[in-house]
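As they're listed, the protein sequences go chains A and B.
Each residue of the first sequence is one higher than the last, beginning at 1 in this note's numbering.
Each residue of the second sequence is one higher than the last, beginning at 351 in this note's numbering.
Hints are computed from structural coordinates only; laboratory data are not their basis.
Treat each hint with caution, since some may be false.
Distance ranges between label pairs, derived from CB positions [what the hints assert, rightly or not]: (1) B:436 with A:47: 37 to 45 Å; (2) A:88 with B:510: 50 to 58 Å; (3) A:198 with B:631: 26 to 34 Å; (4) A:346 with B:631: 29 to 37 Å; (5) A:20 with B:646: 17 to 25 Å; (6) A:47 with B:416: 47 to 55 Å; (7) A:47 with B:454: 57 to 65 Å; (8) A:272 with B:488: 42 to 50 Å; (9) A:32 with B:510: 21 to 29 Å; (10) B:629 with A:88: 47 to 55 Å.
A few chain B positions that, by computed beta-carbon distances, are all more than 10 Å from chain A [as the list claims (entries may be wrong)]: (11) 366; (12) 395; (13) 444; (14) 458; (15) 523; (16) 619.
Built from N, CA and C at the ideal position, the CB exists for glycine as well.
Number of protein chains: 2
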Amino acid sequence: MSTVEQQPLFLRACFNEHTERTPVWLMRQAGRYMAEYRAIRKDVDFWTLCKTPELCCEVTLQPIEAFGMDAAIIFSDLLVPLPPMGASVTFGKGMGPVIEPRIDRASDVDKLGRPDVADTMGYVGDAVNVTAKALPKDVPLIGFAGAPFTLAGYLIEGQGSKTWMKTKAFLHQEPKAAEKLFGMLADITIDLLKLQMDNGARAVQVFDSWVGALDPEDYKRWGLAYTRRIVEGVRREGVPVIVFAKGTGTYLDLVAQCGADVIGVDWTQPLDRARALVGPNVALQGNLDPGRLLGPWDALRPALDRVLDAAGDGKGHIFNLGHGIDRHTDPAQVKRLVDHVRTASAARRG
Amino acid sequence: MSTVEQQPLFLRACFNEHTERTPVWLMRQAGRYMAEYRAIRKDVDFWTLCKTPELCCEVTLQPIEAFGMDAAIIFSDLLVPLPPMGASVTFGKGMGPVIEPRIDRASDVDKLGRPDVADTMGYVGDAVNVTAKALPKDVPLIGFAGAPFTLAGYLIEGQGSKTWMKTKAFLHQEPKAAEKLFGMLADITIDLLKLQMDNGARAVQVFDSWVGALDPEDYKRWGLAYTRRIVEGVRREGVPVIVFAKGTGTYLDLVAQCGADVIGVDWTQPLDRARALVGPNVALQGNLDPGRLLGPWDALRPALDRVLDAAGDGKGHIFNLGHGIDRHTDPAQVKRLVDHVRTASAARRG
Chain A
1 MSTVEQQPLF LRACFNEHTE RTPVWLMRQA GRYMAEYRAI RKDVDFWTLC KTPELCCEVT
61 LQPIEAFGMD AAIIFSDLLV PLPPMGASVT FGKGMGPVIE PRIDRASDVD KLGRPDVADT
121 MGYVGDAVNV TAKALPKDVP LIGFAGAPFT LAGYLIEGQG SKTWMKTKAF LHQEPKAAEK
181 LFGMLADITI DLLKLQMDNG ARAVQVFDSW VGALDPEDYK RWGLAYTRRI VEGVRREGVP
241 VIVFAKGTGT YLDLVAQCGA DVIGVDWTQP LDRARALVGP NVALQGNLDP GRLLGPWDAL
301 RPALDRVLDA AGDGKGHIFN LGHGIDRHTD PAQVKRLVDH VRTASAARRG
Chain B
351 MSTVEQQPLF LRACFNEHTE RTPVWLMRQA GRYMAEYRAI RKDVDFWTLC KTPELCCEVT
411 LQPIEAFGMD AAIIFSDLLV PLPPMGASVT FGKGMGPVIE PRIDRASDVD KLGRPDVADT
471 MGYVGDAVNV TAKALPKDVP LIGFAGAPFT LAGYLIEGQG SKTWMKTKAF LHQEPKAAEK
531 LFGMLADITI DLLKLQMDNG ARAVQVFDSW VGALDPEDYK RWGLAYTRRI VEGVRREGVP
591 VIVFAKGTGT YLDLVAQCGA DVIGVDWTQP LDRARALVGP NVALQGNLDP GRLLGPWDAL
651 RPALDRVLDA AGDGKGHIFN LGHGIDRHTD PAQVKRLVDH VRTASAARRG
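Pulled out of the complex, with its shape left as it was, chain A reads as follows (with noise of 0.2 Å):
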């Protein structure tokens, strides 16, 4: 141990270090599996709670008040640009969003604008600077922001989709108009990531939730690029970037040459077979089932031990469900999922 002080856990783990345990957070962590929050948005919308630095702030630590996580991720969404774009969010009861009017042709993209981050979407870096001050300094706050597939696909779709046919179909007979849209999300994206450092996010997320759908060529062109594009366009020193793309188990080796410092792993291939395709040197999130925890903990246990044997020594390994955690889960469950990878993990290292 060097006298300087450490960097916290989280971020060590972040930049592919030896830790002494594995870090722990859940994607989704602050949400309405957690009477807090729903006591919360009992008296607030979504977009009011997003929009409310404050309230943003108290919803990010509820999780790490009652669990304990060793990093918090920031309460926003990813679909945060599009309105000032001049598409409108709404999200109707136990549905997901629908967007207004939707992408139905290349010129429907010459009706969005490009806007300036700093002015329309500026609530997201004041709730950024509020929880960044309100969290205890070894917790870092993570920023995030969505990849271009992923908000195309909600602009084209008009809402969240199985199959994103409607999304393939615009990039397939409109690349041009689909290039522009998606330089266009890219750019903003960077934007909105830079804003949140400059506020104090120690690391950021890129989710490009549903390019799963596409086959490898298809990802290399609309996935890959875009993403290299924004992990280099947030290059900074000290602050790791992760990406995490759903549903790319097959080519995690072209997700990881996008250059990010993390990548996300889903729960459809151990992490050793993860580790092999994208080599030794970025660090790996991931990734038991978020089903899992609707289980008993008697079977929830070994399944955590799975994830932990899989991350072989733990070098760089930083634990986290393979997607967002579901709104039925028990948080007695995600108590016991911190404690054990905590204590587990701690165990391991000898």
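With chain A held as given, fit chain B onto it using these hints.
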């Protein structure tokens, strides 16, 4: 060439033989993208079509007559077993299936019956019988049925799902009831496939369409164990068994352990990678992204060549999509696809 009459091209490829060219058929090749199909559906609802053998025959033959695929697949539906078990299946306008009542708790499994397949699904056998006789001798008819996870998923969710989270919760919370349900579904699927073989199906395909939602450990228990039982249960000299489990590309080696003759591959990895996972002793079926059929020919053609290239010498390769054809596909593209796969694969054999 021997003087003994050769088996049809498609069957020889299923048995992993060298063939003079690559056989081709497309999942959901009889369907809404064809005007001929829509003309029939105009006057007949979906279930009536499924239950009218002469209409099934007509619809099954439509793509063979229009495009000349090397195999036909009987027009039917994965959810055929559900109503005789006691769960109604309705298709709303532009929606997927709705299943009522859904399985909400363990005791709901006991309310489902184990129907006699010949008595309650005899219309599938009749449709196969009529259609097998109507097809050209060199175009084998494929029978099919759903695997337990996929059928159970619809029963538990009450509809399709992006995440199959209710299904996972049920598996983890009620494993005994789930085993009872999966065992019953496997037995029904075995009987349904045998019924089709008895009536002239010369190959059968097991669709485990949504099992890729599981992690590898859960896949072994809730996917592989049952597809293996089904493959063993229907094994018959000269009738190949195809298993298609979309979204399982990261653990295709596990999928291949079911003992099927042919493994279906989705578009998330090239066939040479899939081959490396499954080994040399099974045939592969796939693996074009159906989204590519929505683009122009000058982009589609190189994608077809990439699939053929990745299949190496073409031994034991059946060209197909990695999922069902999209309803917005231009039939002219399907014609070009079939023609190109025929000529380009023959040219590759020299």
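The hints, checked one at a time:
Between residue 436 of chain B and residue 47 of chain A the CB atoms are about 44 Å apart, so this pair conforms to the stated range of 37 to 45 Å. A beta carbon spacing of about 27 Å between residue 88 of chain A and residue 510 of chain B contradicts the range 50 to 58 Å that was offered as a hint. Judged by the Cβ atoms, the range 26 to 34 Å given for residue 198 of chain A and residue 631 of chain B is violated: they are separated by roughly 57 Å. Taking 29 to 37 Å as the suggested C-beta distance range, the pair residue 346 of chain A and residue 631 of chain B does not conform, at roughly 45 Å.
Against the hinted window of 17 to 25 Å, the Cβ-Cβ separation of residue 20 of chain A and residue 646 of chain B comes to about 56 Å, which falls outside the hint. With their beta carbons about 50 Å apart, residue 47 of chain A and residue 416 of chain B fall inside the hinted range of 47 to 55 Å. At roughly 33 Å, the beta-carbon separation of residue 47 of chain A and residue 454 of chain B lies outside the given 57 to 65 Å, and the hint is violated. About 47 Å separates the C-beta atoms of residue 272 of chain A and residue 488 of chain B, a value consistent with the hinted range of 42 to 50 Å.
Remark: the range hint 21 to 29 Å for residue 32 of chain A to residue 510 of chain B is upheld by a beta-carbon distance near 22 Å. Between residue 629 of chain B and residue 88 of chain A, the C-beta spacing of about 52 Å keeps the proposed range 47 to 55 Å intact. No beta-carbon of chain A is positioned within 10 Å of the beta-carbon of residue 366 of chain B; the least distance is around 23 Å. Distance to chain A confirms residue 395 of chain B as a non-interface residue, since its nearest Cβ pair spans about 24 Å, more than 10 Å.
Every C-beta of chain A lies more than 10 Å from that of residue 444 of chain B, the closest at about 13 Å, which supports listing it as non-interface. Against the 10 Å criterion, residue 458 of chain B stays outside the reach of chain A, whose nearest CB is about 17 Å from its own CB. With a closest Cβ-Cβ approach of about 6 Å to chain A, residue 523 of chain B is found to fall inside the 10 Å limit, against its non-interface label. With a least CB separation of 4 Å from chain A, residue 619 of chain B falls inside the 10 Å interface cut-off, contrary to its annotation.
Checked against the numbered hints given earlier, this structure breaks hints 2, 3, 4, 5, 7, 15, 16; the rest are met.
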